[in-house]
Amino acid sequence: RLFYNSSLRKLLAGHNMLERLPDRLERMQVEVLDVQHNQLLELPSNLLLKADSLRFLNASANKLEMLPPATLSEETHSILQELYLTNNNLTDKCVPLLTGHPHLKILHMAYNRLQSFPASKMAKLEELEEIDISGNKLKAIPTTIMNCRRMHTVIAHSNCIEVFPEVMQLSEIKCVDLSCNELSEVTLPENLPPKLQELDLTGNPRLALDHKTLELLNNIRCFKIDQPLASDGSGAPAVWSHGYTEASGVKNKLCVAALSANNFCDNREALYGVFDGDRNVEVPYLLQCTMSDILAEELQKTKNEEEYMINTFIIMQRRKLGTAGQKLGGSAVLCHIKHDPMDPGGCFTLTSANVGKCQTILCRNGKPLPLSRCYVMSCEEELKRIKQHKAIITEDGKVNGVTDSTRILGYTFLHPSVVPRPHVQSITLTPQDEFFILGSKGLWDSLSMEEAVEAVRNVPDALAAAKKLCTLAQSYGCNDSISAVVVQLNVTEDSFCCCELNGVPPPSPGIFPQSVNVVIKDRPTDALGMPSSSSGMASEISSEISTSEMSSEVGSTASDEPPQGVMNESSPAYPGEQRCMLHPVCLSNSFQRQLSSATFSSAFSDNGLDSDDEEPIEGVFTNGSRVEVEVDIHCGRGKEKQLLHVPVEASDEGIVISANEEEPSLPRRAENSATGTIGRRRGNGSVAPQERSHNLIEVATDAPLRKTGGYFAAPAQPDPDDQFIIPPELEEEVKEIMKQHQEQQQQRQYPMDHLADYYDTPL
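Under full-length UniProt numbering, the residues of the sequence shown are numbered 1 to 763, in order.
Be aware that one or more of the hints could be misleading.
Claimed, not checked - Ranges of calculated distance between the beta carbons of each label pair, as one might list FRET restraints:
hint, residue 1, residue 2, range
1, Pro205, Arg27, 50 to 58 Å
2, His211, Pro727, 56 to 64 Å
3, Pro205, Asp52, 25 to 33 Å
4, Glu172, Leu8, 29 to 37 Å
No wet-lab data here; the hints were simulated from the structure.
Positions of the beta carbon are idealized from the N, C-alpha and C atoms, including for glycine.
My request is simple: use the sequences and hints to build the entire structure.
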């Protein structure tokens, strides 16, 4: 009955569960019909025949496989001007039916199943001004596009286009997006179109431009092309990769800006941001240019995530916005990836801060996890605060009729009702984290968080993913400027440690507590170069240092004979302890080796044997002149602490540190209890206390202690081949250090019933 109403001019039935529309339509006077985001398999066969007044049709995000005809003869009465069919299942059979709409001005058929667009059909769309055919499998754009004299926008990214189209022959052309294709060269006329403002050629790996072409294209106001990436020489993939895109609104003003810094401060940090000025250009540009510098300064003052983020936004408001921030404002979202500065080998933390309606979502296990919050009048605490400052709230929910965001940058004349204090949230990255998205207001007004995650989850390239989000938002009716940044993550299981979670990985986002801490082994500092938009991520700990495949440099596995004093999983020292796949509990009948935490060079022993006819000391391996002591210190428990004394003696040849002499001052029970080390984890996996770490010899927990002459116990009389000699040139210095140390030891007597966490030796 709605369609039969002769007074009905606009029908918005989008975002429902409609499976079909009425089959027979008569006397239909509707001018605007929006049925996007439904379950439509087809449109009524006579919809376009009877709808003589229809000017706008949006049937995006359905399951359409075919279009209804616009005419049954060569003569047509269609006045359709805007047709949006993005994100359907349309094929090449639909293209000929478009010729029944000669007055078509805007055509969006992105993310369908088109493989070709016949040149004869394009030639009949002479009034076409804007076309978006991205996300298909097109290999070329027909040359007859030159017949479309009014064409000003051509968007055809994420296809298989190999030949540069003839779009540069169009006098009205303003925007051309051919990113994420297979272009190898660009053919240009002698003079570029006078109105050309944007040309995007990023994501074409085979594209090679000569010097003359580059000089010509650099005259375009916004020309985008891939920059050559400097290789770090490690051959390892990057930890994160990103892609971003920006699109202007209907008034052709780009009021958004994006920030991306893959190597922020150092190679193990990254910073991304999106800024939205709503209708002004000045504020986003200022935020883009200066906010990263302010954040870098604040990082030098404090390492607390919430503190340095809040200070960054407040200082940006006070010092940088200046006169532009008095009457203008802008939304902003920043995402900072960093590792614990006190734990260089630890996990990565993602910190998000936002004001206004720019937001961040994290995809974890395929589900969106919001990291931002919009403070508007619907928030009770914000409404209460606004009323305390006696601000005027207009009927449309805006402060003094200016902005509906109570926390936003700028608008200083509305202070203290409107403040720049951001919402800050930090989360530890896990292997279940796939990517995160930063988007401006226009993006989130058009796409839900679930839809955005589902749309780009299977897109392998970060740039193509950002482009897809922007295209979908525009086809769904967004007329504002849009900016989207997609940062892909790939934290693999073999680099993930959840020992602090008792070996249990974190649950899904719905029940995941924000306070959970997990450990991810990050990569060396020099292994994080600037990645390409499609590059993946790998971890430091790979199969070459896993528990099942250790490097031959360390040696063979320790003896399977059950050593004495080994703490098993059920022993009192480890009540119910669970370990991650990287660091399983050492059982009483086996010993699984981990990374070596101590390496000594011996000038006398190069074979690891006490003598020619004796067995090697278990747990000590050699490789040439290197002697490696095998220990496991990763999951040390601070509850049971023990002191392992490494004796130091003097000889005529210099200072000798003996590893084979049993310390008489230690009680016998020390051999059967667990040792613990607390402090900073080093890059090689060892743990050291916070102070005087250069004077330490660390001893690991869970080290199996055997009979005399075994793991760390030694014969009563040390063999010269098992002694480690201090070089003569360092003898005087070490003697002085040892003398000072002995004096300190005399002043500081350790009671036998309370052993220290570690032993501080001269070396």
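Results of checking the hints against the structure:
1. Taking 50 to 58 Å as the suggested C-beta distance range, the pair Pro205 and Arg27 conforms, at roughly 55 Å.
2. As the Cβ distance of His211 to Pro727 is approximately 58 Å, the hint placing it in 56 to 64 Å holds.
3. In this structure the supplied range 25 to 33 Å is violated for Pro205 paired with Asp52, their Cβ-Cβ distance being about 49 Å.
4. Distance hint check for Glu172 and Leu8: the Cβ-Cβ separation is about 35 Å, which falls inside the suggested range of 29 to 37 Å.
When the structure is compared with the earlier hints, a violation turns up for hint 3 alone.
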